[in-house]
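Chains as they are written, first to last, in full-length UniProt numbering: chain A, 1 to 338; chain B, 1 to 351.
No wet-lab data here; the hints were simulated from the structure. Here a beta-carbon is modelled for each residue, glycine too, at the ideal position from N, C-alpha and C. Just so you know, not all the hints are guaranteed correct.
Straight-line C-alpha distance at most 20 Å; calculated EDC-like pairs for lysine to aspartate or glutamate [unchecked claim]:
no.	chain 1	residue 1	chain 2	residue 2
1	B	Lys-287	A	Glu-209
2	A	Lys-64	A	Asp-91
3	B	Lys-287	A	Glu-247
4	B	Lys-287	A	Asp-229
Derived Cβ-Cβ restraints for the label pairs, each shown as a range [what the hints assert, rightly or not]:
no.	chain 1	residue 1	chain 2	residue 2	range
5	A	Ile-126	B	Asp-347	54 to 62 Å
6	A	Ala-24	B	Pro-128	15 to 23 Å
7	A	Gly-31	B	Pro-88	52 to 60 Å
8	A	Met-114	B	Ile-79	35 to 43 Å
9	B	Leu-194	A	Lys-302	39 to 47 Å
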Amino acid sequence: MAATGEAVLEVRDLVKHFPLTEGAVFRKQVGVIRAVDGISFDLRRGETLGIVGESGCGKSTLAKLLMGLERPTGGSVRVCGREIADAKGADLKRVRRTIQMVMQDPYTSLNPRMTVGDIIGEPYEIHPDAAPKGDRRRRVQALLELVGLNPDDVNRYPHQFSGGQRQRIGIARGLALQPQILVCDEPVSALDVSIQAQVINLLARLQRELGLAYVFIAHDLSVVRHISDRVGVMYLGKMIELGRDAEIYGQPAHPYTQALLSAAPVPDPDGRERRGRIVLQGDPPSPADPPSGCRFRTRCWKAQDICAQQEPLLQLRPGTWHESACHFAQVHDVMPSF
Amino acid sequence: MNQSTPPFPAWGIPDPVRGVTGTEPLLAVDDLHVEFATRQGTVKAVNGVSYSLNPGETLAVLGESGSGKSVTAQAIMGILDAPQARIPRGRIRFRGTDLLRLKEDARAQVRGRRIAMVFQDALSALNPVFTVGSQIAEMFRVHQGMSRRDAEARAVELMDRVRIPGARQRLHDYPHQFSGGMRQRIMIAMAIALDPEVLIADEPTTALDVTVQAQIMELLAEVQRDSGMGMILITHDLGVVADVADKIVVMYGGRIVENALVHDVYRTPAHPYTKGLLESIPRVDRKGRELYAISGTPPNLLDMPPGCAFAPRCPYRQDNCTTEAPPLYRIGSTRGSACHYWREVLDGSHG
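Extracted from the complex, chain B is given alone in its bound form (with noise of 0.2 Å):
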């Protein structure tokens, strides 16, 4: 799909060679750390994510609930909540710019108009005493400063676009009067109205019926074909992620524990949490066997194991994981496995 791209970059892989030449990616996140302060403690949510986006590129990062992975979207977008949420460390660099350093009335100006957010429930996302028309028309008012007229009927086009059928008729409705998948249009047309350079999909179709998800994503690709814009794809699901994406971040305990090219990680995963998520799928030779299922449960954020998070439940576990935090080991140009027994669960080597 993104054959216009430069060589692969080392992305997610802090890289001092590459890092400052001329193949400066759209938006790279780098050693992103993000605490919560809450009555239990402070929760470590990310703890030092790295990844990249090329434009026309699609980036799907997957994990579970508590991985981090919508965390660090919000980080990117300037959206986490105040003031619970801190960043102690870390660089998000938007088109050589630290996002991070900028004041906030700059932030503003690349929030929504340069990287824009699709979320997962449109129904709390919309304003639902506002008709869906007036809240499209507000994004070119607030940041083109355009006329309601103009705005509105830009807003209709824009419907159009997203393939709401009687745009012009539904302009004065209000969300509630449409259906999942409608609304998550909306969302789409206000997401793509000024541009963006990167979108953010943070589980874009976790609510919505297979049919309809096939819908949006398609709407998506669509988009993106046409403008070029980098995506960030926020999912859990394994058969959304092997469908469109061009490269994957897997999170598990607010750490990236493996990153790759989508056929790579299907073909050969280099992190036992991968390789157990894919062999735990349910698929036609897998049938009437009892089914891979890694044991016990995901870790909690209040209360982290040492060393490795994963390593409670993993089967390549040996002495080191539990005491030493394995790094994101290089494997190639492309890949990295965060676990010390790479070698061995590439190998598929006992586990």
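Bound conformation, chain A alone (with noise of 0.2 Å):
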């Protein structure tokens, strides 16, 4: 997983409010939800960014404006250098062709009228000079065989499939347009434990014979460090802290950091009861009425006065080499034995 130097991926600023209306003949306005609010970060070729967070935490809308499939409310998005963020029509599409995705659910994501091989094929539909069509059988055959089904499948329907070999469909249609970035979100969540794995596998070797980058969003946090570079941990609508994933899983410097890794429950029972856990109180707040300043205070240890007047932003703080949103950054291992 050799990343090397040139951004394929460019987020500056990103920003996504809903407007959260109120009657059904007259609408009027009443707040906005702040589902991404500021978010910056690039990718580069060949790495694994993986985004961790909580629900609510606006990761999906994230994968939703990477993709162009919904308007930022500011800020840009570049994909190879080329905006995504206001493109239209032909532009739009062009982007789209470096940038696909992975859904979540293998069971809902896949059109059941629709076989294998038109599932797979459909990109060229929507991309006619992606492949000519005398040749596009023969691509999605190559496809099945890439993601480790049987290129004789063509034919069948999904219903005819597992889940893990339905993921490997979805990622076969990810791939269709030799994109240089797929999204994933949550791939493997809605899987069986033994078949997470081989998913997990597949996207690894993928990524090492095509060199592709991935943006790997997931709530699991040991699936994240284990495919991911860098790791990003978003609350509401914020990026808290951004690094590499030693960094981030050994030298966690945000609290919500380290809240969210001492709460992940470690498959080993030894040492279980020294192990120190930090339980946050109470619920995250509505993202239609995030706290002033530090979104993470109202939960937090550590708070002080100047959290809630002034936002602490994301960048390096004293006696760390990674980017945190606290003011009271300060490393602090929780995690030993993850």
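Starting from two chains that each stand alone, build the complex the way the hints lay out.
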């Protein structure tokens, strides 16, 4: 997983606010949901950026913004140097060929009335210049083989496959246009435990063979650690910590990252009585009404007056080698055996 | 955690000597079979499952979808879907009484009051058109004939106990007005309302975020410490099991493939399926390397392979595995493995 210097994805100050409306006939806007609120990062060729965070932190909205499926309220997303945020029509189509997606649920994201061959070949219908008509069937079969399925299965239907095989079909579809970037939104969380490792291995192999860059969104911290070169932690629409995998997991500096890591169950009962666990109180606040200043301060044990007044920026902090957004960032080792 | 319990009984393995003497466990499932009549034929969801639970103990039932782990729990509670479900064989002894032989009204005395259950999906388990206060209070009104006012007062106490902030004000809120974690607390409040002796938690935190999961597991552990009830935790999460369980039953294709004390399973698994699961977990020392992956897919309950259900996926497979279903071999006093080659699995030789 060697990431070479060139950035294939540049995200700057990305913002998405959804209007919160009231009334059925005379709609009026009563507020905004700040789903993604100022996120910046780069992704290099062949690199995997893991995004972790809890439900409602905006990680799936981020995926949609990267794909150009939602129009951002502000900021920019550049895919291989081309802006996707305000691209339209033919431009948007051209950019999208370089960034594709793998969905979470392989049971609902494949059309049950289409054959596997039609599902994987559908991107060619939308982008006819990607493959000449006579060549498509052969390409679909090559894709099936690439993801470890039988090329003779092109005429079968999704229900004839197991969950893990369906996810392979979804991955093959994502690869049809030979993208540079694959956005994977919870690609293994709907699968049985004994199947997850197969799909993780497949994604790692495809990255090695095709030089793909991944944005890997998941809530399972151990899966993200396994596959990622760098990891970003999101909370209420903000990126609160970003660094190399060993930094985030070994030397987390933000209290939320520390709490998140210490709350994750460790699959090893040895020493469980001595394990220091930070149990956060309460639930994350609503993104419609986030706290002033630092968004984590309502659940944070380090919070002071300054946290309510001044928003901490994502930057290098004293004593750390990676960026974190906390006024009192301090490296704290929480998870020795993860 | 359970130093108070007597020396370990030979749980999970029918024992003619100890089965009827003084060390009767709190709950004992014995050779349970459950089948469902479907249009495609009879689905044998549970095939001879036995396990037992002592007071104050946490038993984790680990398995994937279709392994029969939830169906076993539903059989204990007596909430299997009639008329499709049938229990052709087996016993479920609760403090010595076979629940399966009780009449429905006697069964209803046990259900909810002495054996209670927390479900995975709190939003669909709670009634959306009643306030949470009235649903918690209903437990006291139905089972103990309390007045509305007394029952509501108890409901507030319970909501405080499961740490729902502002319990009194939230009594008249509806389930949809609570977050997922808070709804799961309400489910727990209802389950522990009548001080049950057994609590069955079916994937209680699967739908929840990690930080909320930690809160809920801590709450369950605290309730258990206070009351000394036995808990059956049904899950597919190897991490949650390692955190809280005293002993483990691993299920696959409707059977128990391994049972053991929690530390034994994680140190030296004795069944290829358990071993495969543990080896496929991403860990820091496996980063950058290919993960071990169990090949193939879980079995189809309508079309079970002959012999061992895991044989088609098993690296230890020999000829007899596809013809002879392995019994739950006894390994020492506290373990069992349903594998003909458990010795090789324990040694770690080949595979």
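Results for each hint:
1. For the hint pairing Lys-287 (chain B) with Glu-209 (chain A), the CA-to-CA distance comes to about 18 Å; that is within 20 Å, so the pair holds.
2. Under the criterion of a C-alpha separation no larger than 20 Å, the hint pairing Lys-64 (chain A) with Asp-91 (chain A) is consistent with the structure, at around 17 Å.
3. Distance restraint check for Lys-287 (chain B) and Glu-247 (chain A): the Cα-Cα separation of roughly 14 Å lies within the 20 Å cut-off, and the hinted pair is therefore satisfied.
4. The suggested pairing of Lys-287 (chain B) with Asp-229 (chain A) holds, with an alpha-carbon distance near 10 Å, which does not exceed 20 Å.
5. Against the hinted window of 54 to 62 Å, the Cβ-Cβ separation of Ile-126 (chain A) and Asp-347 (chain B) comes to about 55 Å, which satisfies the hint.
6. Between Ala-24 (chain A) and Pro-128 (chain B), the C-beta spacing of about 21 Å keeps the proposed range 15 to 23 Å intact.
7. Taken as a hint, the range 52 to 60 Å holds for the pair Gly-31 (chain A) and Pro-88 (chain B), whose Cβ atoms sit roughly 58 Å apart.
8. The beta-carbon spacing between Met-114 (chain A) and Ile-79 (chain B), approximately 39 Å, falls within the hinted interval of 35 to 43 Å.
9. Leu-194 (chain B) and Lys-302 (chain A) have their C-beta atoms about 41 Å apart, which keeps the hinted 39 to 47 Å range intact.
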